[in-house]
Amino acid sequence: MSILHLSFYATFALSGLGLAFHRTHLISALLCLESMMLSMYVALSAWPTENHTATFTLAPILMLAFSACEAATGLAMLVASSRTHGSDHLHNLNLLQC
Amino acid sequence: MSPHAKLISSFSLILGTTITISSNHWIMAWTGLEINTLAILPLISKSHHPRAIEAAIKYFLVQATASALVLFSSMINAWATGQWDITQLSHPTASILLTAALAMKLGLVPFHFWFPEVLQGSPMTTALLLSTVMKFPPITILFLTSNSLNPPILTTMALASAALGGWMGLNQTQTRKILAFSSISHLGWMTIIVTYSPNLTLLTFYLYSLMTAAVFLNLNTTKAMSLTTMMTSWAKIPTLSTTLMLALLSLAGLPPLTGFLPKWLIMQELTKQEMTSAATIIAILSLLGLFFYLRLAYYSTITLPPNSTNHMKQWHINKPTSPMIAIFTSLSTLLLPLSPMILATI
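Going line by line, the protein sequences match chains A and B.
Residue numbers for the first sequence follow full-length UniProt numbering, so the first one is 1 and each next one is one higher.
Residue numbers for the second sequence follow full-length UniProt numbering, so the first one is 1 and each next one is one higher.
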């Protein structure tokens, strides 16, 4: 695997771990999600460069559009949790326990 | 919720599902999954109740992670093989990551922890959408990639799902959580057969959607969110108690009803593939589910509460019954004699 691919792999894996091991705030989980999407964006952008396929240039833009929608939705969820639970602390989200 | 918002959400759900199930390229599959996730969030959180917002947050985080993992696994496969075809996922790391991502999307063990809580926090009709429509694109991707998935991992997840769905459903009193665990155990049945006969996975999914739609719509009419409400719902519409019992027994997989068909065909196929111990284990584990289905049927239909309820019994409710209950209940109880035709067309 080339060094470029390894860096995309490592970025995604580290932000994925950051999302999985989030501790206090919802916003840190959202940031890690954004970081995963950013690493995917750069990886998808590198694909038409290394394979000389111009038609694939649409893919990173499409991915970016959807990840922007997702980020906006995540922030809306953050605001909603502030309105209902008072903060974005994740240990407050315990109303639905078994 | 305003009709305009409801229209856009439901249209986006249909659009996202159609995009994923008709895709050949991984980017389109991912697009459909993302559209579905974004479209159902307003439906989960429409009442702005704290529990609904919490369910929406948990749903969003899990599904967004799973979508990113799907995209990443397809990227790894593209780096290794140079193509983005869904049916040609040959790189083993990509296949394992995709399995984990789809398990997160569907709610298979060990990625099932979000599912009961999200179903509990959402309204009844949205819970129905979460159990049926939202599972259709990931199951389609499982069907399309079935020749490159890892059978031991899938069998382990399936058996664990059947076990956990059965055991954890035993201690529940909230009907939506019971239906969530029933969904998890049915997903176990769907997953165990996907590498051997993917058509049976789709058949199980279709029949499960029919039966669970019958139960959800039934509970939605009587607004039975917990076991205690179910016990007194016989007074509202007595016929619905009977149809609820039949639909629940069909979900349990009892023989003259439709729910027996997928279990029978799956066990037959597993035995033909020399996996008799897996077939035996999953059949025994579905007995746990039978216990709580029988308990629900018993409390709703077979017994009547011994004393009068504390509040006025509602003998006539204002909302008319959905006609779909009749269609789904008759389909979910009477399709077994049609099994040769079903086998010929799946």
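Derived by calculation from the structure, the hints in this document are not laboratory data.
Computed from a prediction, not measured in an experiment: that's the story for all the values here.
Check each hint, because a few of them may be wrong.
A few chain B residues facing chain A, derived, Cβ under 10 Å [unchecked claim]:
(1) S23
(2) I27
(3) A52
(4) F60
(5) A68
(6) G82
(7) W84
(8) D85
For glycine and all other residues, C-beta sits at the position ideal for the given N, C-alpha and C.
How the hints compare with the structure:
no. : hint : verdict
1   : S23  : violated (13 Å)
2   : I27  : holds (5 Å)
3   : A52  : holds (9 Å)
4   : F60  : holds (6 Å)
5   : A68  : holds (5 Å)
6   : G82  : holds (7 Å)
7   : W84  : holds (9 Å)
8   : D85  : violated (14 Å)
In summary, the structure is inconsistent with hints 1, 8 from the numbered list given earlier, while agreeing with the others.
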